[in-house]
Every structure is written in structure tokens, then in C-alpha cells.
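Residue numbers (the numbering used here), protein chains in the order written: chain H, 1 to 239; chain R, 1001 to 1193.
Think of the hints as simulated: they come from the structure by calculation, not from any bench.
Certain hints may be false.
[As the list claims (entries may be wrong)] Under 10 Å between C-beta atoms, here's a sample of chain H residues computed to sit facing chain R:
hint, residue
1, Ala174
2, Val175
3, Arg177
4, Ala202
5, Ser203
6, Ser209
7, Leu211
8, Glu228
Since the model is a prediction, treat every value here as computed from it, not as a measurement.
Ideal placement from N, C-alpha and C gives every residue a C-beta, glycine not left out.
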Amino acid sequence: MLVRFDNVTKRYLRGPREIVALDQVSFDVEPGERFGVLGTARGGKSTLLRLAAGLERPDEGTVRLDDRDIATLSRREHARLLRHEIGCIWEASARSDAEALQYVAWPLLSAGARYRDAIGQARAILRDVDSSDCAGARLCELAASELTRISIAQALIRHPRLLLADEPSKSLDAVERGAVLDLLRSVAIARGVTLIVTAGDASGLVAPSRLASLDRGRLLLRSRQTGEVVPFKRPQRTG
Amino acid sequence: MAARHGLKYAVLGLVIEQDAYAYRLVQRFEELVGDAYRLHPSAVYTALNQLEDDGCVVVDERRSVGASRRSPRVVYTATDEGSRVFEEWLTTQVERHLEPVRSELVAKLALAQPSHAADLLEMIDSAELECLDLITAATRRAEQSAAGRRWDNAVSALVHEYGIRQLHARLEWLRDARSTVERLRDGVAVAEE
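Chain H with its partners taken away, still in its complex shape:
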């Protein structure tokens, strides 16, 4: 098992109110799997991915990667994990005036790679995602689909085992969405990368091998063993 969430609960304070972003969420993802999470807006999708990356810690339960509880990793171990094992595809900032090539090379440059090597690898990855023509452009000059490809390129440059993609096809039209999802799927298959991808809309899914629904922090999916509904805790009756 590559990733395992075991009864994970995450709460936030929004003003005086406590928000339960994830409510006793349990699932596991095997190596090479494409796990899709279809969720409502503010339903906990991004929180789930941030917990999988170890960027946040659960209030209850455990998140395990390779059977190691991410919360028990030292800062150094966690940094190594993010540099070498996990690629995160978050939305690239359309307001940034960074040059696309440098943005893609940044994970290598920040880890101390030689400039020429990092830029060479960034060029190769941009070629892989069919975006060589964007290399010299600034992010703020790029279209949404180009920005998404740049984000995918940056996530791939360290050759991660696990890719976490947060709504990668959001705000793309049908043709662009198809192209980006096809790219993500083929890259995941070609590199043997495990993929956890969220989508707010079913048309934004990368043909998942397994699909779960996330609604108000509660995950609904079929049991891998029995095929039955994995029940979530229903809210308690008030009064």
C-alpha cells in the first residue's frame, strides 16, 4: 500500500465556527493506481491532498506513506519526501511574472542543482508535456491549459512516485480538458506514477481506476475487498 488514510479527521476554525474539513476518512491507494476524488466545492478535496503530502497534520487518525506515519517524520525527512517522492500539481499562479522554464526548474534549483543541469532537465520535461513553446513565456502571459501543463512539468521534474493533482482541469474547455487529462494519464502510466486526483466535476477526472465521492468532509467509496459501501459516520441527531 502506498498511501493509507486511517480514520482521518481535520478541523479548521473559520471565525468562531469549527469546520470539519475531513470527517473520519479512510481509504488506501496502491502503487500505480489512479485514485479519483470527486468532491463538492469546499468539501475537503484540497485538505485531503495537503494531508497526503504531509503539508498538514490530521487532528485525529493517521496518514501513512509506505506504511510510515507522515506525522512522525522529522522536518528533514519530510522535506526529502516532498523533494523526491511526491509531486504536487496545484494551480500555478497566473499572476506570477516568473519565466515558465525557471518555474519548472525551481524544485531542482532550490535543492542546489547546477543551473545548467536544472534548466536542461526543465527543457526536457517541457518537451514531454508538449509545452516547449512556453519555455520563454512568463506565467502571467500563458493560457489556463498552458499553465496547467507547466504545473504538471514542475511536479514531474523530480520523478516522483506519487502525484497529487488538485483539480488539474479546472477552468478549461472540453477540448483543452481532454488534452490535459490525457497527458496526465499517459504520463502517470508511462512513468509508473501513482496518482491521486481531485475534481469538482466528473468531466475533470483522469479515467480513475477507483473513484470516491467527498461530500462535506465525508468520503463515500466501495470497499476494495467486498465492493460494498464503506459507511461514513452520519452526523448525530441534534436534541
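Following the hints, position chain R against chain H.
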């Protein structure tokens, strides 16, 4: 009625695209349209019989040697009349764009009482899982029709998205239904105490 929702003409279009036997037409239709149509294979056989009666398709006797009428190896080919009828259908306005939604769950919901809330919630979970299964299958089919900017690929992607978005709309309704039934159940519990 085979002509319902234009199925007869869609089958005719497939025969015009390539002479084929009935089972291959069923497969091709599913490749092209997927869950957007919920096709029952027998409907294709009915449509072919009607098209034959209308003179739009004929059995290619030369390529169907040894096949019986019920055999899946009967090869159909379109006539000139068939091509004319298909072109006319393709360029005529759609009669009904929106079909009625029929769901047993909706009927049960309409007639349920507060005491049925727990059962309804279980049914909603189960319906949502069924939706997830259908979406998974539909996205796989969409994946098989390669993306791109060519007309065929782009149109194929749009057709698959039609089915996927319909399923997604159902999923969203199920989530709303769950949230509402839970709230009503809790409200009823408070009111009864």
C-alpha cells in the same frame, strides 16, 4: 418504437459510415455515444428491420452467404434513399431536447415519511456509488476516444462529456438529497421531543 430519440437514424448513419453486421453496429454505437444513450442492443436489431422495410438499408446477400436472418453475420449496406433520409434527419431540428427523468428513488422519496429517513439515506448512498461506477466506466470510454483538436476527436469527447455530465448532475442531486434528508430527520427529531 425504434425511431424514438432518433435511434433509427443514428443506426442508419453508422451503416452509411461503414457496411456492418448488427453486433458491430451496437459496438460502434457504444464507442461513439457511450452512456449518453443507454442503448439496448435489441433496439438496434429493431431499427435495422425498420430501415430495411423503409428501403434505407439492404442486406448485402453476397457478403452474408450462409447467414440466417437472425444471424449476427448479416451484413447491412445503405441505399441511396438511406443516404438521403439520413441527411434530412441530420439537418432537421430535434423534436424534444429534454427527456423525462424516471427514477424509483424519486418516487420513493415523494411518498416517504420521516420514519423512512434512515432507509432513504442508505438508498442515496447506494445510488451515489452506482453513479460513481458509471462515471468511472464513462471516463474510461472517454479516454479511449483520443483527445485532440480534430473534428472527430473533439466531437467524440463532447459526446462522452454529455453522458458524464448527466451522471454528475445526478450525483449532485443525490448529495443535495442526502443533506436535505439528514437535516429534515434532525429537525423532526428535535420537533418530536
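Now for the hints, and whether the structure bears them out:
Proximity of Ala174 (chain H) to chain R holds as hinted, the smallest CB-CB distance being about 6 Å (cut-off 10 Å). Evaluation of the Val175 (chain H) hint against chain R yields a held restraint, the C-beta minimum of about 5 Å falling below 10 Å. The beta carbon of Arg177 (chain H) is positioned within 10 Å of a beta carbon in chain R (closest approach about 8 Å), and the interface hint is therefore held. Taking 10 Å as the C-beta cut-off, the interface hint given for Ala202 (chain H) holds, the closest approach to chain R being about 4 Å.
Interface hint at Ser203 (chain H): satisfied, since its Cβ lies 5 Å from the closest Cβ of chain R, which is below the 10 Å cut-off. Annotation: Ser209 (chain H) was flagged as interfacial toward chain R, and the flag holds, the nearest CB pair being 8 Å apart, inside 10 Å. Taken as an interface hint, Leu211 (chain H) checks out: its beta carbon lies about 5 Å from the nearest beta carbon of chain R, inside 10 Å. Residue-level restraint check for Glu228 (chain H) holds (minimum Cβ-Cβ distance to chain R is 9 Å; threshold 10 Å).
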